[in-house]
Amino acid sequence: MRHLLDFQGWNRPEVESLLDTARVMREVLERPVKKVPALQGFTVATVFFEPSTRTRISFELAARRMSADVVSFAAQTSSLQKGESYKDTLLTLEAMGVDAYVIRADSAGVPHQATRWVKGAVINGGDGRRAHPTQALLDAYTLLEALGTLEGKKVAIVGDILHSRVARSNAELLPLLGAQVFCAGPPSLLPQSLPGVHLTPHLEEALEEADAVMVLRLQKERMEAGLVHLEDYIARYQVTERRLARAKPQAPLLHPGPMNRDVELEGSLADSARSLVNRQVQNGVAVRMAVLYHLLVGKGR
Amino acid sequence: MRFKAELMNQEEMRRALYRIAHEIVEANKGTEGLALVGIHTRGIPLAGRIARFIAEFEGKEVPVGVLDITLYRDDLTEIGYRPQVRETRIPFDLTGKATVLVDDVLYTGRTARAALDALMDLGRPRRIYLAVLVDRGHRELPIRADFVGKNVPTSRSEVVKVKVVEVDGEDRVELWEKEEA
Numbered sequence: 001m002r003h004l005l006d007f008q009g010w011n012r013p014e015v016e017s018l019l020d021t022a023r024v025m026r027e028v029l030e031r032p033v034k035k036v037p038a039l040q041g042f043t044v045a046t047v048f049f050e051p052s053t054r055t056r057i058s059f060e061l062a063a064r065r066m067s068a069d070v071v072s073f074a075a076q077t078s079s080l081q082k083g084e085s086y087k088d089t090l091l092t093l094e095a096m097g098v099d100a101y102v103i104r105a106d107s108a109g110v111p112h113q114a115t116r117w118v119k120g121a122v123i124n125g126g127d128g129r130r131a132h133p134t135q136a137l138l139d140a141y142t143l144l145e146a147l148g149t150l151e152g153k154k155v156a157i158v159g160d161i162l163h164s165r166v167a168r169s170n171a172e173l174l175p176l177l178g179a180q181v182f183c184a185g186p187p188s189l190l191p192q193s194l195p196g197v198h199l200t201p202h203l204e205e206a207l208e209e210a211d212a213v214m215v216l217r218l219q220k221e222r223m224e225a226g227l228v229h230l231e232d233y234i235a236r237y238q239v240t241e242r243r244l245a246r247a248k249p250q251a252p253l254l255h256p257g258p259m260n261r262d263v264e265l266e267g268s269l270a271d272s273a274r275s276l277v278n279r280q281v282q283n284g285v286a287v288r289m290a291v292l293y294h295l296l297v298g299k300g301r
Numbered sequence: 001m002r003f004k005a006e007l008m009n010q011e012e013m014r015r016a017l018y019r020i021a022h023e024i025v026e027a028n029k030g031t032e033g034l035a036l037v038g039i040h041t042r043g044i045p046l047a048g049r050i051a052r053f054i055a056e057f058e059g060k061e062v063p064v065g066v067l068d069i070t071l072y073r074d075d076l077t078e079i080g081y082r083p084q085v086r087e088t089r090i091p092f093d094l095t096g097k098a099t100v101l102v103d104d105v106l107y108t109g110r111t112a113r114a115a116l117d118a119l120m121d122l123g124r125p126r127r128i129y130l131a132v133l134v135d136r137g138h139r140e141l142p143i144r145a146d147f148v149g150k151n152v153p154t155s156r157s158e159v160v161k162v163k164v165v166e167v168d169g170e171d172r173v174e175l176w177e178k179e180e181a
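Here the protein sequences come in this chain order: R and C. Under our numbering, the first residue of the first sequence is numbered 1, with each subsequent residue one higher. Under our numbering, the first residue of the second sequence is numbered 1, with each subsequent residue one higher.
Rather than coming from a laboratory, the hints here were simulated on the basis of the structure. Since this is a predicted model, take the numbers as computed values, not measurements. Treat the hints with caution; some may be incorrect.
Only part of the chain C face toward chain R is listed, based on derived beta-carbon distances under 10 angstroms [said to hold, decoys possible]:
id, residue
1, Tyr72
2, Gln84
3, Thr95
4, Asp117
5, Asp121
6, Leu122
7, Gly123
8, Arg124
Beta carbons are placed, not taken as given, at the ideal position from N, Cα and C, and that holds for glycine.
Could you build all of it, start to finish, from the sequences and the hints given here?
Structural data, given as structure tokens:
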């Protein structure tokens with residue numbers, strides 16, 4: 001692979017090979033010296049046209065753990081404020097010798113566009129509502145760690161599916177690994193269709209016998225548009241201890257963060273033994289190391 | 001590639017590894033604080049066999065680890081490389097151990113250098129030895145093996161192939177000649 005934009009055209013062996021590499025990277029992160037020289041001499045730029053904390057830091061740490069040089073670009077403090085275009089921003093970085101660009105943008109398609117502007121590898125760090133492939137990869141990795149396999153497993157994704165690039169990327173990736181994906185949310189927060197996924201407004205249907213449950217952040221900023229009323233949402237869709245009883249015993253609970261405790265899920269569940277939220281964050285660094293490694297070292301293959 | 005000669009057969013390999021096992025114990029004055037680390041791929045079964053020989057004649061189990069040096073290679077961008085990294089598993093503390101790195105062939109020395117870097121990141125061994133089944137010369141770095149099964153003077157156009165039952169279905173060391181381009 002030359003870029004990581006989404007999972008269109010990916011096959012299972014490619015995903016598994018990447019996750020195998022992530023497993024090795026996970027071990028590197030547990031060593032006394034959490035650093036390897038694999039990407040020495042490469043430069044990685046995190047180019048965030050939209051704010052982010054965990055994804056940016058996770059990528060920067062991943063690049064540094066492999067000895068790459070890292071430059072960080074944030075729109076708020078850049079020449080974008082002076083009217084510079086995305087394209088010119090990226091060309092400027094290219095001229096400085098960047099080998100890989102992690103691009104986060106509030107509109108879909110910016111990373112795709114970027115592949116036409118720069119020679120380096122482009123990684124989608126989240127674009128609009130469209131895709132967030134490394135989040136899906138770290139979710140898949142965390143699920144595999146917890147369940148052993150995703151073959152025939154039922155994964156419930158609950159919450160604001162309509163606006164969620166995380167849900168979309170998981171809906172592409174998890175079925176590639178053999179999982180059945182059920183997405184549940186209020187009708188106003190469900191897309192018309194999502195290929196390969198069961199969409200349902202009934203939370204119970206999604207949770208019934210689920211092997212794992214992924215809870216999405218309710219994007220409160222969207223509520224003003226009247227898409228959903230907070231109290232209604234909590235009453236009908238909050239993942240609670242009682243509702244989770246429909247899922248398989250000990251079914252793990254995932255959340256891409258940041259969490260609204262006692263909104264999309266009962267606060268106590270976030271800290272329970274079932275919660276893999278911290279594990280997701282740890283695995284995120286390993287997965288991003290694997291992605292950078294595959295793109296930069298195996299480039300053009 | 002053209003087959004040229006058999007350098008070692010199964011029995012010769014067994015004898016060489018048996019001798020190396022003795023030499024290791026001799027050098028370490030016993031098995032105290034000793035550990036073996038096999039380098040992927042064929043160094044791993046070879047390290048396992050050396051450990052079994054030591055267990056046979058010393059009655060002591062020596063811990064064995066597995067090391068992949070891919071992330072430490074200095075030629076990642078030069079070789080026709082598939083981004084495949086394998087497991088590193090050292091299920092014991094390396095610090096203070098007399099650690100024997102085990103590989104099948106010693107050639108340029110670059111694998112051994114990468115393995116030394118990797119080991120240093122994993123702990124602080126008391127000392128590191130290098131054991132190889134075949135030393136074919138042509139070093140590019142100032143590295144030598146402490147224990148050698150067989151020294152084989154080769155030309156750069158030749159290839160030494162070590163085959164082991166665990167990976168290749170047979171024990172045998174072969175010399176091949178690269179075809180001219």
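Consistency of the hints with the structure:
About 6 angstroms separates the beta-carbon of Tyr72 (chain C) from the nearest beta-carbon of chain R, less than 10 angstroms, and the hint is met. Of the supplied interface hints, the one on Gln84 (chain C) holds, with its beta-carbon coming within about 7 angstroms of a beta-carbon of chain R, less than 10 angstroms. The interface hint given for Thr95 (chain C) holds, since its Cβ lies 9 angstroms from the closest Cβ of chain R, which is under the 10 angstroms cut-off. Because the smallest distance between the Cβ of Asp117 (chain C) and any Cβ of chain R comes to about 7 angstroms, under 10 angstroms, the interface hint for this residue holds.
Using the Cβ-Cβ criterion of 10 angstroms, the hint placing Asp121 (chain C) at the interface with chain R is satisfied: the shortest such distance is roughly 4 angstroms. Below 10 angstroms, beta-carbon pairs count as interface contacts, and Leu122 (chain C) has one with chain R at about 6 angstroms; its hint therefore holds. Using the Cβ-Cβ criterion of 10 angstroms, the hint placing Gly123 (chain C) at the interface with chain R is satisfied: the shortest such distance is roughly 7 angstroms. Because the beta carbon of Arg124 (chain C) sits about 9 angstroms from the nearest beta carbon in chain R, less than 10 angstroms, this interface hint is met.
In terms of the numbered hints stated before, the structure departs from none.
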